[in-house]
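**Q** As given, the protein sequences belong to chains A and B, one line each in that order.
If you use the working numbering, the first sequence corresponds to residues 63 to 241, in order.
If you use the working numbering, the second sequence corresponds to residues 21 to 483, in order.
Keep in mind that the hints were calculated from the coordinates and are not lab data.
Take these hints with a grain of salt, some might be off.
As the list claims (entries may be wrong) - In silico DSS-like pairs for lysine-lysine, Cα to Cα no more than 30 Å straight-line:
id : chain 1 : residue 1 : chain 2 : residue 2
1  : A       : 178       : B       : 38
2  : B       : 214       : A       : 222
3  : B       : 444       : A       : 78
4  : A       : 78        : B       : 31
5  : A       : 222       : B       : 482
6  : A       : 178       : B       : 25
7  : A       : 178       : B       : 214
8  : A       : 223       : B       : 321
9  : B       : 25        : A       : 223
10 : A       : 78        : A       : 178
11 : A       : 78        : B       : 25
Said to hold, decoys possible - Derived CB-CB ranges, DEER-like:
id : chain 1 : residue 1 : chain 2 : residue 2 : range
12 : B       : 317       : A       : 78        : 49 to 57 Å
13 : A       : 94        : B       : 338       : 33 to 41 Å
14 : A       : 70        : B       : 317       : 37 to 45 Å
Stated by the list, open to error - Computed far set for chain A versus chain B, every beta-carbon distance over 12 Å:
id : residue
15 : 95
16 : 165
17 : 175
Quantities reported herein were computed from a predicted structural model and do not represent experimental measurements.
Glycine included, every Cβ here is placed at the ideal spot set by N, Cα and C.
Spelled out, the chains give:
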Amino acid sequence: MLDEDNQSLFTDWLEKHSASVIKVARAYTLSSDECQDLAQEILLQAWRSMPRFEGKSSPATWFYRVALHTAMNWHRKDRPRRTHQQPLLEVQTVPSESADSCEQAEQRETVEQLYKAIHGLPKTDAALVLLYLDEMSYSEMASVLGISESNVGVKLNRAKKALAALMNAAPSEGNHDES
Amino acid sequence: MSLDKYQQAWKAEASQVKVTFDANLLSKEVWKSRENFRSLIFWRDVREVGVAIWMIPGWFVLGNIIPVPWTWWLTVPVFLWIAGFILVDRKLHPQSPSGPGEPLLFYAIESLTQVEHQIWLLRNIFWWYLLPPSLSLMAFFVHVAWNGSSNGWGFALVGGGSGLFLLVIYGFIYWINQWAVRNQLEPRRQQLMKLVASLEGESDAADSDDIMELVSSLAATDQNSGLSPNWATWSQNWNRIIPSWREVALIIVPTLAGAYCGFRYSMPEAGPVFFQSVVAAVIPFEIMFFGLWHLSYRRHKGQPLTATGTVRPNAPAIVILVMILLMSALAFAAIFSFVNAAGSRSGSGLNDISAHADEEAADAKDDDESASDLPINERLRARLVGRYQLTPDFIFDVQDHDGHLMVGITNQSTQEVYPDSATKWSYRSIEATLEFKLGRSGPASQLTLHQNGIKQVARRIKK
Numbered sequence: 063m064l065d066e067d068n069q070s071l072f073t074d075w076l077e078k079h080s081a082s083v084i085k086v087a088r089a090y091t092l093s094s095d096e097c098q099d100l101a102q103e104i105l106l107q108a109w110r111s112m113p114r115f116e117g118k119s120s121p122a123t124w125f126y127r128v129a130l131h132t133a134m135n136w137h138r139k140d141r142p143r144r145t146h147q148q149p150l151l152e153v154q155t156v157p158s159e160s161a162d163s164c165e166q167a168e169q170r171e172t173v174e175q176l177y178k179a180i181h182g183l184p185k186t187d188a189a190l191v192l193l194y195l196d197e198m199s200y201s202e203m204a205s206v207l208g209i210s211e212s213n214v215g216v217k218l219n220r221a222k223k224a225l226a227a228l229m230n231a232a233p234s235e236g237n238h239d240e241s
Numbered sequence: 021m022s023l024d025k026y027q028q029a030w031k032a033e034a035s036q037v038k039v040t041f042d043a044n045l046l047s048k049e050v051w052k053s054r055e056n057f058r059s060l061i062f063w064r065d066v067r068e069v070g071v072a073i074w075m076i077p078g079w080f081v082l083g084n085i086i087p088v089p090w091t092w093w094l095t096v097p098v099f100l101w102i103a104g105f106i107l108v109d110r111k112l113h114p115q116s117p118s119g120p121g122e123p124l125l126f127y128a129i130e131s132l133t134q135v136e137h138q139i140w141l142l143r144n145i146f147w148w149y150l151l152p153p154s155l156s157l158m159a160f161f162v163h164v165a166w167n168g169s170s171n172g173w174g175f176a177l178v179g180g181g182s183g184l185f186l187l188v189i190y191g192f193i194y195w196i197n198q199w200a201v202r203n204q205l206e207p208r209r210q211q212l213m214k215l216v217a218s219l220e221g222e223s224d225a226a227d228s229d230d231i232m233e234l235v236s237s238l239a240a241t242d243q244n245s246g247l248s249p250n251w252a253t254w255s256q257n258w259n260r261i262i263p264s265w266r267e268v269a270l271i272i273v274p275t276l277a278g279a280y281c282g283f284r285y286s287m288p289e290a291g292p293v294f295f296q297s298v299v300a301a302v303i304p305f306e307i308m309f310f311g312l313w314h315l316s317y318r319r320h321k322g323q324p325l326t327a328t329g330t331v332r333p334n335a336p337a338i339v340i341l342v343m344i345l346l347m348s349a350l351a352f353a354a355i356f357s358f359v360n361a362a363g364s365r366s367g368s369g370l371n372d373i374s375a376h377a378d379e380e381a382a383d384a385k386d387d388d389e390s391a392s393d394l395p396i397n398e399r400l401r402a403r404l405v406g407r408y409q410l411t412p413d414f415i416f417d418v419q420d421h422d423g424h425l426m427v428g429i430t431n432q433s434t435q436e437v438y439p440d441s442a443t444k445w446s447y448r449s450i451e452a453t454l455e456f457k458l459g460r461s462g463p464a465s466q467l468t469l470h471q472n473g474i475k476q477v478a479r480r481i482k483k
């Protein structure tokens, strides 16, 4: 169980990263029911491991570690258990006031295409693409996966090419700097 | 569209998502999942260590109920050794996966280490798990065969049969573990090694980075940690071996036929009829069962067990599972009946009283020699019937049952004796003779037991 401080920390943290929960869940599932189940499991695992978070890595890095590991494990063993569980979270989509509806529709369509492409990628590439789309640096990606930054460069380059091919678009050169 | 645009669209979509959660419910779920995990690990350890530990009191109970030779107790330290070995191994190489929050490469290496250790355990299962109980149980079987057999053939039959029984059982356990190493653990190890190399190295090999496979392996290690498979794959395997009632019939019919033959054509020198019936049933049962197992293995070669969740054994498989338990219980009961019979044949306690036997045996020489020429009939048997006391707790009870002279001994089973002459009657199952002292008329006044070159006199007592 978490004390009140940790609980408010978790709530703050979730406000910043809640979208990532849903994104990872969508990237690793094919139906909305599965997505909801997986998102709940990620939340559960994040809550469970919160007391062990020592701040050695950034909250975003730590979250992705938990989320990706949970997502990959969940496929094989957690489905039967989750069918008996009450819903833990509610997901709402709040339209942005700043963007016009036409632009929003276009972005939504692009995101849908991205998810389709991610489902078609090899799973390592899928993980890297998720981190890349979330604008993580090479060092953060390396920290999530536990590999060297130069290795991230090699793999990400290939993943981006694969994504571009699936999206029917050529990747632009040098569009991601290590920052 | 450039990749930058994808990032922008992705970010814009993310900013529109809002997630709310119920903190109390989440706390309860965390507690529940932690308890479930603890329970999983606890019951796995109970299965593996507990079986060995719980066998020890059972062994003591049986050893005190049934007269067993000292070699019975050799198996107790063996149980302690197995339980201790597993406990120490679990302490040095914990099989439970680490909690979330580590880099993915960490889990890959952790899983690889666990799989490699599991392979080592199973490859060496002969030395730490099979050899010690084989030696102690074989010593027990040979000891029992030696005590209970009246000749070399009986000893070879009982000792060899028991040895064969152990060989089949332990051979099967060894084979199934090596099968698991070859077909489950070794491929997983290769896969994990490739993935670790891929994650650690700078290579661009496209065929070696399926991280889903990596974590599938992690999940499999989590569920399959230890020596026993998970419930779903276990059930699926049983359903493969016994898919229908046809397989049940293929096992039960030869088993019943064997049991009938063992009962109908039992041999007096091979132990109690019950023992022979069970042995004759167990042999075809094992042949048919392991034959079907082998066929199932060949039929499903290359099709790994992938069941999860709600898979349960079907009705025919449950029948055979119950039958295996029943046959195991009967096999144990048969062994004990054999040991019991062997104990009664050896005439326990005779050596204790042999010191004063010679003097009394001398009196038996005063028997009326002519009595040995008397005709063997109902009248003669009536003169022999009665109770003869060797010591207060060792009394021969001689009775005439439908023309058969039956001799019961305190706390031992009743056996028939056969006439060599009117006064000398011998057992057939053991080398021992009873010599009655008959006067010119009236009942016999005493009997002398001749066994192992020793004579012991028991005097008639009142009923």
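**Q** Determine for every hint whether it applies to the structure shown.
**A** Structure-based check of each hint:
Simply put, residue 178/A and residue 38/B have alpha-carbon atoms about 22 Å apart, close enough for the 30 Å limit, and the pair holds. Restraint check: the Cα-Cα separation between residue 214/B and residue 222/A comes to about 23 Å, which is no more than 30 Å; the hinted pair holds. For the given pair, residue 444/B sits about 102 Å from residue 78/A by alpha-carbon distance, which is inconsistent with the 30 Å threshold. Among the hinted pairs, residue 78/A with residue 31/B is consistent with the structure: their alpha-carbon atoms are about 12 Å apart, no more than 30 Å.
Using a Cα cut-off of 30 Å, the hinted pair residue 222/A and residue 482/B is violated, with the two alpha carbons roughly 105 Å apart. Only pairs whose Cα atoms come within 30 Å are accepted, and residue 178/A paired with residue 25/B is accepted, the gap being roughly 16 Å. The hinted pair formed by residue 178/A and residue 214/B meets the criterion: a straight-line CA distance of about 28 Å does not exceed 30 Å. Annotation: proposed proximity of residue 223/A to residue 321/B is violated, straight-line Cα distance about 39 Å (limit 30 Å).
With a CA separation close to 15 Å, the supplied pair residue 25/B and residue 223/A stays within the 30 Å bound. At roughly 25 Å between alpha-carbon atoms, residue 78/A and residue 178/A fall within 30 Å of each other, so this suggested pair holds. A distance of roughly 22 Å separates the Cα atoms of residue 78/A and residue 25/B; the hinted pair therefore holds under the 30 Å criterion. Taking 49 to 57 Å as the suggested C-beta distance range, the pair residue 317/B and residue 78/A conforms, at roughly 53 Å.
A beta carbon spacing of about 38 Å between residue 94/A and residue 338/B agrees with the range 33 to 41 Å that was offered as a hint. Taking the beta carbon of each, residue 70/A and residue 317/B are about 57 Å apart, not inside 37 to 45 Å as hinted. With a least CB separation of 16 Å from chain B, residue 95/A remains clear of the 12 Å interface cut-off, as annotated. Once the 12 Å rule is applied to beta carbons, residue 165/A is inconsistent with being away from chain B; the minimum gap is 8 Å.
Listed as outside the interface, residue 175/A is inconsistent with that label: its C-beta sits roughly 9 Å from the nearest C-beta of chain B, within the 12 Å cut-off.
Hint compliance for this structure: hints 3, 5, 8, 14, 16 and 17 are broken, all remaining hints hold.
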